[in-house]
Amino acid sequence: MKYVFGIVLALLPLTGAAGADPASGLDPSVLTHPTADSWPTYNGDYSGRRFSSLTKINDQNVKSLSLAWMYQLSGATEGLGGRISATPLVVNGIMYFTVPDKVWAVDARTGRELWTYTWTSKGGIHLGNRGVGISGNSLFFETPDCNLVSLNLNDGKKKWNQAICDLDQLYYASVAPVVIKNHVITGVSGDDLDRPGYLEARDSETGKLQWHWSVVPKPGEPGAETWPNADAMEHGGGMTWISSTYDPELNMLFVGTGNPQPVIASKARAGSNLFTESIVALNADTGKLIWYFQPSPHDTHDWDAVQTPVLFDGEIDGKKHKLVAQASRNGWFFVLDRETGKNYVTSQFVKTNWAKGVDAKGQPVPNPAKEPQIAGALVSPNQGGAVNWPPPTFSPQTGLFYVNATRAFSIYYIFDDADKPEGWGGNDQGGWAESMLQALDYRTGAIKWSHRWETPGIRGGLLSTAGNLVFAGDPNSNLVALNAATGEVLWHANLGKPVTNGAITYELDARQYLVVGAGDKLFAFVMNQ
Amino acid sequence: MKITRLVILLLVCSTPWCAFGQAPGTQLPDAPNRETVQRLCSACHPAQIVVGRGMTREQWGSIVSNMISRGAKGSNEEFAQVVDYLAQNLPPVKGDPVPVTKAKAPRPQGLLDQAGSNDKQVVDEDAAALGKTLYTAQCITCHGTRARGSERGPDLVRSLTVLHDRYGSVLGPLLTKDHPNAKSFTLTSAEIVNLSHFLHQEVNNTLRTGPFNNVLNILVGDPREGKAYFNGPGKCNQCHSTTGDLAHIASKYDPPVLQLKVVFPQTAAFGRRSAVNASKPVTATVTTAAGESTTGVLEDIDDFNVSLRDKTGQYHSFQRGPGVKVEKHDPYAAHVALLDEYSDKDIHDVVAYLETFK
Numbered sequence: 001m002k003y004v005f006g007i008v009l010a011l012l013p014l015t016g017a018a019g020a021d022p023a024s025g026l027d028p029s030v031l032t033h034p035t036a037d038s039w040p041t042y043n044g045d046y047s048g049r050r051f052s053s054l055t056k057i058n059d060q061n062v063k064s065l066s067l068a069w070m071y072q073l074s075g076a077t078e079g080l081g082g083r084i085s086a087t088p089l090v091v092n093g094i095m096y097f098t099v100p101d102k103v104w105a106v107d108a109r110t111g112r113e114l115w116t117y118t119w120t121s122k123g124g125i126h127l128g129n130r131g132v133g134i135s136g137n138s139l140f141f142e143t144p145d146c147n148l149v150s151l152n153l154n155d156g157k158k159k160w161n162q163a164i165c166d167l168d169q170l171y172y173a174s175v176a177p178v179v180i181k182n183h184v185i186t187g188v189s190g191d192d193l194d195r196p197g198y199l200e201a202r203d204s205e206t207g208k209l210q211w212h213w214s215v216v217p218k219p220g221e222p223g224a225e226t227w228p229n230a231d232a233m234e235h236g237g238g239m240t241w242i243s244s245t246y247d248p249e250l251n252m253l254f255v256g257t258g259n260p261q262p263v264i265a266s267k268a269r270a271g272s273n274l275f276t277e278s279i280v281a282l283n284a285d286t287g288k289l290i291w292y293f294q295p296s297p298h299d300t301h302d303w304d305a306v307q308t309p310v311l312f313d314g315e316i317d318g319k320k321h322k323l324v325a326q327a328s329r330n331g332w333f334f335v336l337d338r339e340t341g342k343n344y345v346t347s348q349f350v351k352t353n354w355a356k357g358v359d360a361k362g363q364p365v366p367n368p369a370k371e372p373q374i375a376g377a378l379v380s381p382n383q384g385g386a387v388n389w390p391p392p393t394f395s396p397q398t399g400l401f402y403v404n405a406t407r408a409f410s411i412y413y414i415f416d417d418a419d420k421p422e423g424w425g426g427n428d429q430g431g432w433a434e435s436m437l438q439a440l441d442y443r444t445g446a447i448k449w450s451h452r453w454e455t456p457g458i459r460g461g462l463l464s465t466a467g468n469l470v471f472a473g474d475p476n477s478n479l480v481a482l483n484a485a486t487g488e489v490l491w492h493a494n495l496g497k498p499v500t501n502g503a504i505t506y507e508l509d510a511r512q513y514l515v516v517g518a519g520d521k522l523f524a525f526v527m528n529q
Numbered sequence: 001m002k003i004t005r006l007v008i009l010l011l012v013c014s015t016p017w018c019a020f021g022q023a024p025g026t027q028l029p030d031a032p033n034r035e036t037v038q039r040l041c042s043a044c045h046p047a048q049i050v051v052g053r054g055m056t057r058e059q060w061g062s063i064v065s066n067m068i069s070r071g072a073k074g075s076n077e078e079f080a081q082v083v084d085y086l087a088q089n090l091p092p093v094k095g096d097p098v099p100v101t102k103a104k105a106p107r108p109q110g111l112l113d114q115a116g117s118n119d120k121q122v123v124d125e126d127a128a129a130l131g132k133t134l135y136t137a138q139c140i141t142c143h144g145t146r147a148r149g150s151e152r153g154p155d156l157v158r159s160l161t162v163l164h165d166r167y168g169s170v171l172g173p174l175l176t177k178d179h180p181n182a183k184s185f186t187l188t189s190a191e192i193v194n195l196s197h198f199l200h201q202e203v204n205n206t207l208r209t210g211p212f213n214n215v216l217n218i219l220v221g222d223p224r225e226g227k228a229y230f231n232g233p234g235k236c237n238q239c240h241s242t243t244g245d246l247a248h249i250a251s252k253y254d255p256p257v258l259q260l261k262v263v264f265p266q267t268a269a270f271g272r273r274s275a276v277n278a279s280k281p282v283t284a285t286v287t288t289a290a291g292e293s294t295t296g297v298l299e300d301i302d303d304f305n306v307s308l309r310d311k312t313g314q315y316h317s318f319q320r321g322p323g324v325k326v327e328k329h330d331p332y333a334a335h336v337a338l339l340d341e342y343s344d345k346d347i348h349d350v351v352a353y354l355e356t357f358k
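Going down the list, the sequences are from chains X and V. Going by our numbering, the first residue of the first sequence is number 1, and it counts up by one from there. Going by our numbering, the first residue of the second sequence is number 1, and it counts up by one from there.
Since the hints were derived computationally from the structure, they do not count as laboratory data.
Listed next, the in silico SDA-like pairs over lysine to any residue satisfying Cα-Cα at most 25 Å (straight line):
#: 1; chain 1: X; residue 1: Lys497; chain 2: V; residue 2: Gln319
#: 2; chain 1: V; residue 1: Lys328; chain 2: X; residue 2: Val489
#: 3; chain 1: X; residue 1: Lys288; chain 2: X; residue 2: Ala163
#: 4; chain 1: X; residue 1: Lys356; chain 2: X; residue 2: Tyr344
Taking beta-carbon pairs under 8 Å as the criterion, some of the chain V residues facing chain X (in silico):
#: 5; residue: Leu111
#: 6; residue: Gln114
#: 7; residue: Ser117
#: 8; residue: Arg148
#: 9; residue: Arg158
#: 10; residue: Asn213
#: 11; residue: Val220
#: 12; residue: Asp300
#: 13; residue: Phe304
#: 14; residue: Asp344
#: 15; residue: Ile347
Which residues of chain V face chain X? A partial, calculated answer using Cβ under 8 Å:
#: 16; residue: Gly116
#: 17; residue: Val157
#: 18; residue: Thr206
#: 19; residue: Leu207
#: 20; residue: Phe212
#: 21; residue: Asn214
#: 22; residue: Val215
#: 23; residue: Leu216
#: 24; residue: Ile218
#: 25; residue: Phe264
#: 26; residue: Ile301
#: 27; residue: Asp302
#: 28; residue: Asp303
#: 29; residue: Leu339
Ideal Cβ positions, reconstructed from N, Cα and C, are used throughout, including at glycine.
Can you make the complete structure from the sequences, with help from the hints?
Structure (structure tokens):
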């Protein structure tokens, strides 16, 4: 356990520090050192670790965790859009969360509803909404019909809205915005009709565009050499589905980008298709690309590399480094130097069958035989991936990176054998899957422990705490607490529906709360006193 | 009446050219592009089938469009030549009725159908069919057989003009003013609306919710090698027999379905309930600390509880813990083990072999 002490906890929430003055909302500078009574960003802090330094709930007493309150969404919510896939934010004792087109503010101690806001939608896919961003007295969220909306934090009244994408081009918006200084970082969604993905920064006061980074290059720009022509680039995809992470010292933003388009039939986009399927570092003030690493060159399986780029400091070969790690949808785990993008670790966190090796940069090399075929190719993982959008967690205490993984097979087909396929041009069919919680040693990618769930299925994201705990959903609707070091199951509660977001934790009045969403309900647990 | 029969057959046929293959005519009229017609059309059916039929340019265009969507192969120029030839040499015969198209039953709407604006154009199938005829006659040469563009004209499926258009609102001004050939067009406003419906239909056809997202020919395997694998390394013959449970298997399932059944037989519906829904469910035996055993179909299992339904239909639920033993029996375990074993060629060969058992 020596290496634990070598880990610099630069972004650790400071337990016991004073919260922001309620009258002034949330001071953006506090976001670099979140207070223990808050969960002020999508990932709890900028690092994406989803690790809390709180210890009142721990491996010794978690068996006594009990329900404090439960909140059921008011108003009719149906289908996938009606599930809470947002990670709630907690600021000044109030919790804020969303489903598509709707925002709630509830008392974080009681679940009592304070206000709700409903956006009148003009369309878009209502698949899910990942939540809000907060700065000062403003709350920001994205709508399926391509708007960034700013609300007054205190009463939920709208301040402004700005269009961030074009519905006619079949974009939609679902990401939880991240606020960095006066930048609201927004991403876009949409995998239907060969549009370019991008990331934008908008002014937190006005919503005005500050910078725009296009995932796909234009002819002559770096990365253009990985596309056959201008038309393929212009329609090359790369959606920015998941919230970015941020290193305040480097002023770098870390972004995972989505799959290239056309999604499955790739005949007209030969090449590695940069900067789709990449982890990229951008200057947070300008949006300029600093470095990139591509987990899935020339993807043909819809394996977005958007999973949270998790930031932590650690030792590799005895030397301290600023690191960024991703457990990617394609089944591979990567640890990179976050100053340079240099690769330290490339490993499989579940067994896959689509790569024929690893290149000099540490990127998997796809096996052309496992690209979708007219007659079908048996591929693992399946389209859902070895992990999807639900967030992972990293504990600096154990040095382990946790991912709620799936090992799955399906058959990938080409439906459109034209020379210039468009849209998807194929898909996967059938399937078999098993699922397990994997704990990975970040220094090697080795699986330190694995807890296999009895069945596959939906099970949400993860949280780790300094109480030596990992909280995970299982496919049978249980919220499960495991010993972070050993994987031993310590506690569970059946929530009736599988966990649909990542659990959060915060401390108010010296009580540590644990809150998780399952379907249309939020459950808050505390330790009996 | 001939045309009516032809059109109705076209609408009801699921197999390309099933309408045509049965009534070959005499010789194609000798005229320019005859060779092109002969070559493109006879790839699937006797080209002479058109002889004796008569249609307008638009109607022939519609037929050719249909054939393209059914897999006819050729360049844009060649298809334009085919339409030219048919229109010039096989004009309407007096008294032939105008073809009638029927709207398809609407498909149930899903989450992905929410893509786009609530006020997106609702495609009128009849108008789109008329638009398609117009497109084939006037636009196909530059914009391509599937409106995806060519070296002579831009892609219209990805066109912002089309995506922003509603019932001709953007397309109309373009075609009457800004299009390079605007001066030569004589389009009525109704024709522009029809064209708009056709182009929006092409956009919809390109989406993953579109009607052309179907598995193509998967019968690429070698039946002999499939037989060798079936009786050899695949060990399929240890549980199955082509004269027993697999007799006439090819008459029961289309090849793509058969392939899925070979690889994923347990997947009635993908998900954790699939074990219960499968024709051969997973069973389990639970032995309590007291030594009592219960066997039944596994209803549900997690780290904490397990439930069964025994052969009398009685439901049993147990808390798991020290001393409680759970033994699962997955009838498809051998298929699961093969997922890491066989190659795609093995799968294709076995499917080709099983396809010989009609």
